[in-house]
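Novice: Listed here are the chains, written in short residue letters.
Number of protein chains: 2
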Amino acid sequence: MTEHLHRTEVAIVGAGPVGLFAVFEFGMLGMSAHVVDTLELPGGQCTALYPEKPIYDIPGFPEIAAAELVERLRAQAKPFNPVYHFGQQVVGLKRSDDGRTWRLETSTGTQIDARVVVIAAGAGAFGPNRPPLPGIESFEGKSVHYMVQRPQDFAGKRVVVAGGGDSAVDWALTLVDIASRVSVVHRRAKFRAAPDSAGRLQALAREGRIDLVVPFQLAGLEGSDGRLEAVVVADLDGNTHRIEADALLPFYGLSMSLGPIAEWGLNLDRHHIAVDPQSCRTNIDRVFAIGDVATYPGKLKLILTGFAEAAAAAHAAYALVFEGKALHFEYSTTRGIPSV
Amino acid sequence: MTEHLHRTEVAIVGAGPVGLFAVFEFGMLGMSAHVVDTLELPGGQCTALYPEKPIYDIPGFPEIAAAELVERLRAQAKPFNPVYHFGQQVVGLKRSDDGRTWRLETSTGTQIDARVVVIAAGAGAFGPNRPPLPGIESFEGKSVHYMVQRPQDFAGKRVVVAGGGDSAVDWALTLVDIASRVSVVHRRAKFRAAPDSAGRLQALAREGRIDLVVPFQLAGLEGSDGRLEAVVVADLDGNTHRIEADALLPFYGLSMSLGPIAEWGLNLDRHHIAVDPQSCRTNIDRVFAIGDVATYPGKLKLILTGFAEAAAAAHAAYALVFEGKALHFEYSTTRGIPSV
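Going line by line, the protein sequences match chains Y and F.
First residue of the first sequence? That's 460 in this note's numbering, and the numbers climb one at a time after it.
First residue of the second sequence? That's 460 in this note's numbering, and the numbers climb one at a time after it.
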């Protein structure tokens, strides 16, 4: 774990479209930003879930692909030299002794001291859906993996792949030539993967090169000290079956959760952060929330609503960052982009 | 005065960027729009005051000229077939007997029956600054004109031009060859017009072809039945002077005012319309206000704030327009643009 301490005016949690536009809005008011995101790229859901999908309700764009919107927002933020910390989840939030600075800590040990924190976390950090198996935590990262980074790690191993979508099927097709044995557990006989891939999976099963364990669900894990020995599966009647295995790869899709943010003492309303709509202040001093994660009566979950909230938060934060300095409101046509 | 009666779901007052985007937002929810504006073109201030000026704070546009933004917003609204009524000011607002429709009347006699009215009037309708001369109303449109549409109307007439800017100087230079006499009244000796034009004016004055009446201000009008006989001017010490004249052309710039809207019984807060920020409802049933004309505590006068308010108003209006029909919120990526 590396440790880095940064100081900045605003720490923004989430590099989706609203977080990126917050960099711009805070920058226009002279506040520089550090941005943390669990993904390896900016854009949040736009990048991760639907980069090619056209969006129709961004003002001035009769139609724009999500990925292009993200690219343009990043370019708009660029003059303000934001520092991005990708592939990290925010974990800790600690107040300084004088109460005027927050220290944000990430999962990789980055520390950011900021005068204000803006949570633009969308629907939350992306994470894998974990099967609800007792004790699974002790196997995670050792013999239970939700992502495959190096297929060769599974060379010669008995691998159980769980799930019926593209990820499950594609990894089964890849690992069949690497692992000593591949079993695919799915609760239905039919796979949701692309028809061609599903067809290849069925063909390999007929050849005896892959075991299709259908319709079965994961029911338990056997092993100790993080070392898996067998995966227990059950059919719809509760009959169980034991598959000897060295590794389990569950591919049950991604879910989003607020993660550690939910433990910070924020007023939450069904997984959203309650804010004052005019300032986007939360109940915690110097902590704001904007975009889909923020809620108030009548809130519309639109990207453009989040853009307006970014502007509101920047104006409200100004007085906290520059104590006593008056903000003279000017139009961007008059002022242009301030030099930073 | 022609009379036309139209029926629509929403009547939008103001075709500035926020009014145009409201066409889109209402359209996305299945509501078609009629739009009224005093200008002859869409865009409001963006078109009338600073078409070439770059704007920096529209999300997704690191920089965009005001006129281009307007063009793009109009294109975005186009699939919903809005009907524009340009060159007209809204004057009347009357409720139908059943209370569920408003009849909007304009200065040219257009009548629009709408289920909801959205006021997106920006800083108000553009109009000339009128000199504060007693009885000037009785001369307006007959011998006092704030705009020149046909210079030949002044052929052979004694014309007094008032003002020191480009409009005053340019019209004096144009009319010198048409009118029998041109006098220019300005309260300073120096003119604010383009140096070349101001120089030509001074040269014509030296040649005796134009009378420069400086430093003088307008002090009174003489005449009857709308027919001007003389313009009275005064110097800074109050000494008056009488200029025989058939026409007065005051060019004191444009101002913006709410106009007749201010008489509708809306809750006003220093020339702005007070709204509930989450729905943009005014105190009058089925009348909404969005963009710069709308105010609430913490309001930011940004175009992008107005865009978000357009979305809020459309969602809030939906229940009034489609009574009892539930609105199922969907993202534009899922739904695309509905066919209309």
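Take these hints with a grain of salt, some might be off.
Identical copies go unnamed one by one, so any copy, or any two together, can satisfy a pair.
In the DSBU-like style, the derived pairs of lysine-lysine whose C-alpha atoms are separated by at most 30 Å in a straight line are [claimed, not checked]:
id, residue 1, residue 2
1, 616, 649
2, 784, 512
3, 537, 512
4, 760, 784
5, 616, 512
6, 758, 616
The hints are simulated quantities; they were obtained by calculation from the structure and are not laboratory data.
Novice: Of the numbered hints stated previously, which ones are contradicted by the structure, given in increasing order?
Specialist: Hints 5 and 6 not satisfied by this model.
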